[in-house]
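Let's have the full structure, built from the sequences with the hints guiding it.
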Amino acid sequence: NAGVTQTPKFQVLKTGQSMTLQCAQDMNHNSMYWYRQDPGMGLRLIYYSASEGTTDKGEVPNGYNVSRLNKREFSLRLESAAPSQTSVYFCASRLQAGAYEQYFGPGTRLTVT
Amino acid sequence: AQSVTQLGSHVSVSEGALVLLRCNYSSSVPPYLFWYVQYPNQGLQLLLKYTTGATLVKGINGFEAEFKKSETSFHLTKPSAHMSDAAEYFCAVSADSGGSNYKLTFGKGTLLTVNP
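So the protein sequences, as listed, match chains A and B. Counting from 1 along the first sequence, just add 2 to a position and that's the residue number in our numbering. Counting from 1 along the second sequence, just add 46 to a position and that's the residue number in our numbering.
Just so you know, these hints were derived from the structure itself, not from any lab. Yeah, the Cβ is synthetic: ideal placement off N, Cα and C, and Gly gets one too. Some hints could be false.
Claimed, not checked - Label pairs and their calculated CB-CB ranges:
hint: 1; chain 1: A; residue 1: N72; chain 2: B; residue 2: P162; range: 47 to 55 Å
hint: 2; chain 1: A; residue 1: F12; chain 2: B; residue 2: T123; range: 29 to 37 Å
hint: 3; chain 1: B; residue 1: N107; chain 2: A; residue 2: P10; range: 25 to 33 Å
hint: 4; chain 1: A; residue 1: S86; chain 2: B; residue 2: T118; range: 30 to 38 Å
hint: 5; chain 1: B; residue 1: Q91; chain 2: A; residue 2: M43; range: 16 to 24 Å
hint: 6; chain 1: A; residue 1: G42; chain 2: B; residue 2: G99; range: 29 to 37 Å
hint: 7; chain 1: B; residue 1: V75; chain 2: A; residue 2: N30; range: 22 to 30 Å
hint: 8; chain 1: B; residue 1: P86; chain 2: A; residue 2: E75; range: 26 to 34 Å
hint: 9; chain 1: B; residue 1: G62; chain 2: A; residue 2: N72; range: 48 to 56 Å
hint: 10; chain 1: B; residue 1: V75; chain 2: A; residue 2: T56; range: 18 to 26 Å
hint: 11; chain 1: A; residue 1: E81; chain 2: B; residue 2: E112; range: 40 to 48 Å
hint: 12; chain 1: B; residue 1: E112; chain 2: A; residue 2: G18; range: 48 to 56 Å
hint: 13; chain 1: A; residue 1: G18; chain 2: B; residue 2: G99; range: 45 to 53 Å
Claimed, not checked - Within a straight-line C-alpha distance of at most 20 Å, the following computed EDC-like cross-link-like pairs (lysine to aspartate or glutamate) qualify:
hint: 14; chain 1: B; residue 1: K104; chain 2: B; residue 2: D142
hint: 15; chain 1: B; residue 1: K154; chain 2: A; residue 2: D40
hint: 16; chain 1: A; residue 1: K59; chain 2: B; residue 2: E112
hint: 17; chain 1: B; residue 1: K124; chain 2: B; residue 2: E112
hint: 18; chain 1: B; residue 1: K95; chain 2: A; residue 2: D40
hint: 19; chain 1: B; residue 1: K104; chain 2: A; residue 2: E103
hint: 20; chain 1: B; residue 1: K154; chain 2: A; residue 2: E61
hint: 21; chain 1: B; residue 1: K154; chain 2: A; residue 2: E103
hint: 22; chain 1: B; residue 1: K115; chain 2: B; residue 2: D131
hint: 23; chain 1: B; residue 1: K124; chain 2: B; residue 2: D142
hint: 24; chain 1: A; residue 1: K59; chain 2: A; residue 2: D28
hint: 25; chain 1: B; residue 1: K95; chain 2: B; residue 2: E134
hint: 26; chain 1: A; residue 1: K73; chain 2: A; residue 2: D28
hint: 27; chain 1: A; residue 1: K11; chain 2: A; residue 2: E75
hint: 28; chain 1: A; residue 1: K16; chain 2: A; residue 2: E81
hint: 29; chain 1: B; residue 1: K115; chain 2: B; residue 2: D142
hint: 30; chain 1: B; residue 1: K95; chain 2: B; residue 2: D142
hint: 31; chain 1: A; residue 1: K11; chain 2: A; residue 2: D28
Said to hold, decoys possible - Covered stretches of chain A (in silico footprint by chain B; criterion: 3 or more residues with CB under 8 Å from a CB of chain B, positions within the stretch not fixed):
hint: 32; stretch: 41-47
hint: 33; stretch: 101-107
Next up, the structure:
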């Protein structure tokens, strides 16, 4: 099993450009999550999908949209990138049904200039 | 609402010394508690977890943590530090936010440095 995979690994955008970060998991997990990590801030939840067909806002959703494409895939879209969105983005998944831990992907390092 | 406080953003120990990383939490419902480790330029890896049962939990790489409800703490320890333990460590709490939606709330992290 590959676990949780993310593409791309690195990306540089200019202010105002758009892009989509891709995430996929092969563990048959029900819930998926997007976080951003900034120095000294820990990880903050952007959006999550408790199950296929549902999405909800997390702590810092402004400027982002998500799509739960199917059970395996959960994408994060930046419609008009801003320098404040420079960060490392992590996708995670959770089985549900009595399992509370999340499993993380390797991250996408995004720089907006 | 739930929150996590990690005392000390940076901890430095000598190789072979005790490692103690502190975590306190607040939660209005019974919490599930986790420690994750992040090596440079990598994702987060689950180190150990407390859900129910025994309050002393053992994890990978010789780490353990004890859930103390009265102190709302979940400190991480390792008797003897190794150079390979140098990493950033995150404490996290999860509780049911309604509809069986369990979301993780993370502390800000503690960077562990191990000196030879």
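Results for each hint:
A C-beta distance of roughly 49 Å is found between N72 (chain A) and P162 (chain B), which places it inside the suggested range of 47 to 55 Å. Judged by the Cβ atoms, the range 29 to 37 Å given for F12 (chain A) and T123 (chain B) holds: they are separated by roughly 36 Å. Taking 25 to 33 Å as the suggested C-beta distance range, the pair N107 (chain B) and P10 (chain A) conforms, at roughly 30 Å. Evaluation of the 30 to 38 Å hint for S86 (chain A) and T118 (chain B) yields a pass: the beta carbon distance comes to about 33 Å.
Distance hint for Q91 (chain B) and M43 (chain A): a CB-CB separation of about 20 Å, consistent with the stated range 16 to 24 Å. For G42 (chain A) paired with G99 (chain B), a C-beta distance near 34 Å keeps the hint of 29 to 37 Å intact. Our hint of 22 to 30 Å for V75 (chain B) and N30 (chain A) holds, since their Cβ atoms are close to 27 Å apart. Separation of P86 (chain B) from E75 (chain A) is about 28 Å and conforms to the stated range, judged on CB atoms against 26 to 34 Å.
Here the CB-CB span from G62 (chain B) to N72 (chain A) is close to 49 Å, well matched to the stated 48 to 56 Å. Look at V75 (chain B) against T56 (chain A): about 22 Å separates their beta carbons, and that is inside 18 to 26 Å. For E81 (chain A) and E112 (chain B), the Cβ-Cβ distance of about 46 Å falls inside the hinted range of 40 to 48 Å, so the restraint holds. Restraint check, E112 (chain B) to G18 (chain A): a C-beta distance of roughly 50 Å satisfies the suggested window 48 to 56 Å.
Distance hint check for G18 (chain A) and G99 (chain B): the Cβ-Cβ separation is about 52 Å, which falls inside the suggested range of 45 to 53 Å. Pair hint K104 (chain B) plus D142 (chain B) does not hold up; C-alpha atoms about 24 Å apart against a cutoff of 20 Å. For the suggested pair K154 (chain B) and D40 (chain A), the alpha carbons sit about 9 Å apart, so the restraint of at most 20 Å is met. About 32 Å separates the Cα atoms of K59 (chain A) and E112 (chain B), which puts this hinted pair outside 20 Å; it is violated.
Restraint check for K124 (chain B) and E112 (chain B): satisfied, since their Cα atoms lie roughly 12 Å apart, inside the 20 Å limit. A distance of roughly 24 Å separates the Cα atoms of K95 (chain B) and D40 (chain A); the hinted pair therefore is violated under the 20 Å criterion. With a C-alpha separation of about 15 Å, the suggested pair K104 (chain B) and E103 (chain A) falls inside the 20 Å cut-off, and the hint holds. Distance restraint check for K154 (chain B) and E61 (chain A): the Cα-Cα separation of roughly 15 Å lies within the 20 Å cut-off, and the hinted pair is therefore satisfied.
Only pairs whose Cα atoms come within 20 Å are accepted, and K154 (chain B) paired with E103 (chain A) is accepted, the gap being roughly 18 Å. A hinted pair counts as satisfied when its Cα atoms are at most 20 Å apart, and K115 (chain B) with D131 (chain B) does not qualify at roughly 27 Å. For the hint pairing K124 (chain B) with D142 (chain B), the CA-to-CA distance comes to about 30 Å; that exceeds 20 Å, so the pair is violated. Straight-line distance between C-alpha atoms of K59 (chain A) and D28 (chain A) comes to about 24 Å, which puts the hinted pair past the 20 Å bound.
At roughly 17 Å between alpha-carbon atoms, K95 (chain B) and E134 (chain B) fall within 20 Å of each other, so this suggested pair holds. Of the supplied pair hints, the one linking K73 (chain A) and D28 (chain A) holds, its CA atoms being roughly 9 Å apart against a limit of 20 Å. Distance restraint check for K11 (chain A) and E75 (chain A): the Cα-Cα separation of roughly 16 Å lies within the 20 Å cut-off, and the hinted pair is therefore satisfied. With a CA separation close to 12 Å, the supplied pair K16 (chain A) and E81 (chain A) stays within the 20 Å bound.
Distance hint between K115 (chain B) and D142 (chain B) is fulfilled; the C-alpha atoms sit about 18 Å from each other, no more than 20 Å. Pair hint K95 (chain B) plus D142 (chain B) holds up; C-alpha atoms about 16 Å apart against a cutoff of 20 Å. Proposed proximity of K11 (chain A) and D28 (chain A) is supported: the alpha carbons are some 18 Å apart, at most 20 Å. Coverage of the stretch 41-47 of chain A by chain B holds [criterion: at least 3 residues with CB-CB distance below 8 Å; count 6].
Counting residues of the stretch 101-107 of chain A whose C-beta sits closer than 8 Å to any C-beta of chain B gives 6, which meets the bar of three, so the coverage hint holds.
Hint check: violations occur at hints 14, 16, 18, 22, 23 and 24; the rest are consistent with the structure.
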